[in-house]
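Enquirer: Using the sequences and the accompanying hints, generate a full structural model.
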Amino acid sequence: MNKKEVDILRSDDRLGIKSLYNAHRAAFLNFGKRYGLDQDQLADVYQEAFLALRKHAVSGKLAEVKSGLKTYLFGIGKYLIFDLLKKEKKHTEYDSNLHSNTDDYEETIISETPELTKEQQLLRTYFKELGKKCRQVLTFFYYRGLSIEEIVQQGGYENANTVKAQKSRCLKTLKQLIKS
Amino acid sequence: MKKDKLIEKYLQNTLNTEERIEFDTLLQNDAEFKEEVSFHDNLKRVTEEDHDDEFRSMLSDFEAEHQPRKVFKLQQYSKWLVAASVILIAGLTYVLTLSNPTSQELFAANFQPYENVVHPIVRGTEEQDQKTKAFIAYETGDYKLAVSLFSDLYEKDKQPYYLFYKANALLKLEKANEAIPLLKEHLKTRDTLKEKSAWYLALAYLKIDDKKSAQLLLEDIIKSKKYKASEAEKLLGKFEKD
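So the protein sequences, as listed, match chains A and B. Here UniProt numbering is used: the first residue of the first sequence is 1, the next is one more, and so on. Here UniProt numbering is used: the first residue of the second sequence is 1, the next is one more, and so on.
Read the hints as simulated data drawn from the structure, not as lab findings. Keep in mind the model is a prediction, meaning the values are calculated, not measured. Some hints here could point you the wrong way.
[Unchecked claim] Straight-line distance between alpha carbons at most 27 Å, and here's what the computed DSS-like set of lysine-lysine pairs gives:
| id | chain 1 | residue 1 | chain 2 | residue 2 |
| --- | --- | --- | --- | --- |
| 1 | A | Lys133 | B | Lys175 |
| 2 | A | Lys175 | B | Lys194 |
| 3 | A | Lys18 | B | Lys133 |
| 4 | B | Lys156 | B | Lys211 |
| 5 | B | Lys34 | B | Lys2 |
| 6 | A | Lys133 | B | Lys234 |
| 7 | A | Lys18 | B | Lys144 |
| 8 | A | Lys18 | B | Lys238 |
| 9 | B | Lys228 | A | Lys175 |
| 10 | B | Lys5 | A | Lys133 |
| 11 | B | Lys228 | A | Lys133 |
| 12 | A | Lys128 | B | Lys172 |
| 13 | A | Lys179 | B | Lys188 |
| 14 | B | Lys5 | A | Lys164 |
| 15 | A | Lys167 | B | Lys172 |
| 16 | A | Lys18 | B | Lys131 |
| 17 | B | Lys212 | B | Lys228 |
| 18 | B | Lys133 | A | Lys133 |
| 19 | A | Lys33 | A | Lys89 |
| 20 | B | Lys34 | A | Lys172 |
| 21 | B | Lys212 | A | Lys133 |
| 22 | B | Lys212 | A | Lys167 |
| 23 | B | Lys212 | B | Lys158 |
| 24 | B | Lys2 | A | Lys132 |
| 25 | A | Lys132 | B | Lys234 |
| 26 | B | Lys9 | A | Lys164 |
| 27 | B | Lys156 | A | Lys55 |
| 28 | A | Lys128 | B | Lys133 |
| 29 | A | Lys164 | B | Lys44 |
| 30 | B | Lys184 | B | Lys172 |
| 31 | B | Lys144 | B | Lys44 |
| 32 | B | Lys211 | A | Lys18 |
| 33 | B | Lys34 | A | Lys118 |
[What the hints assert, rightly or not] Computed list of chain A residues with no C-beta within reach of chain B, every gap over 12 Å:
| id | residue |
| --- | --- |
| 34 | Ala26 |
| 35 | Ala43 |
| 36 | Asp83 |
| 37 | Glu107 |
Here a beta-carbon is modelled for each residue, glycine too, at the ideal position from N, C-alpha and C.
Expert: Listed below in structure tokens is the structure:
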């Protein structure tokens, strides 16, 4: 996949991400019509597919993908459409022939994010009590897997030491919240 | 190797074979170490969840710009609605005059989005840049769209008044929690609209039922004779009663 696009998808460049989101939205909604879903449902699917794309960019998976962004995104979207149709099957008859529909997009299967355990839910309530800057630095480090140097750049920090100091302060506060 | 260094390498996925063995041994034999690792694993999952929520909310912002504004077809019901509202208002007035107003009611009675004084809209102009679009959305009450456009604009040119108007739009959308950090940030700037922010921040606190913070701000507004000082006095009087 185009490296520039992958870099935008990994970043916090709101306007860059927005232009990628907008670039394929209309085509996806048009593509999805053939499965009998309405515009609102398709817009929801498109958002979920785009989130999955973002997560694959964050995890590094996207950098290894050979196909272009649109093909990959539509592949995820197609998978999510079938997933939705299967769930709706309870109400109406689901036509498995739909899968053989000839189009250019291979379904890309994505794994569902597991639900939070009880322990994690509790941790989350404490996490939410932290200030915005703390939540940001911890998310950069833990989920986004950014290096200290990358955090300096993305978070607008002075240098590596300020990031490290901030991170350990935030962890300390979080642990104190848990104990209190 | 020190335990916290091992954990750091584990989190960054950079343990070598030797370190991996040391890590696994500790995990099996050292309960405290195991607990610490589990804390970091959980935190990783929690930050993922937080990220996903934030990213989804950004995508809904983008989506709002594509949705046509919903216009309700009220005509056929309008007579009934008028009749029903008259009864409702009469009923409410009766109830409200009898009871002390709640924070929500005080908020609703006092909050009015601040008018657009930054970017006068000349109707009928062909060219619509993003700033014009944002303020048109704001003025015509499409606050969802306005929030999204103000976010983009703020990211682009960092004008502090975008924070202020975005916060106003969020308050109108009943998202006081999201408006509060923006107003706080706006208060730190040198924007000319800054002195209005305190009043809106006070109302935002009221909306989330944080009366104490609201009270402190209102007292300050009255003391330093800021924007809406007399309203602040009236408002303060109302919730001091209970």
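Enquirer: Output the indices of the hints that this structure fails to meet, ascending.
Expert: Checked against the structure, the hints that fail are numbers 2, 4, 6, 8, 9, 11, 13, 15, 18, 22, 23, 24, 25, 28, 31, 32, 34, 35, while the rest are satisfied.
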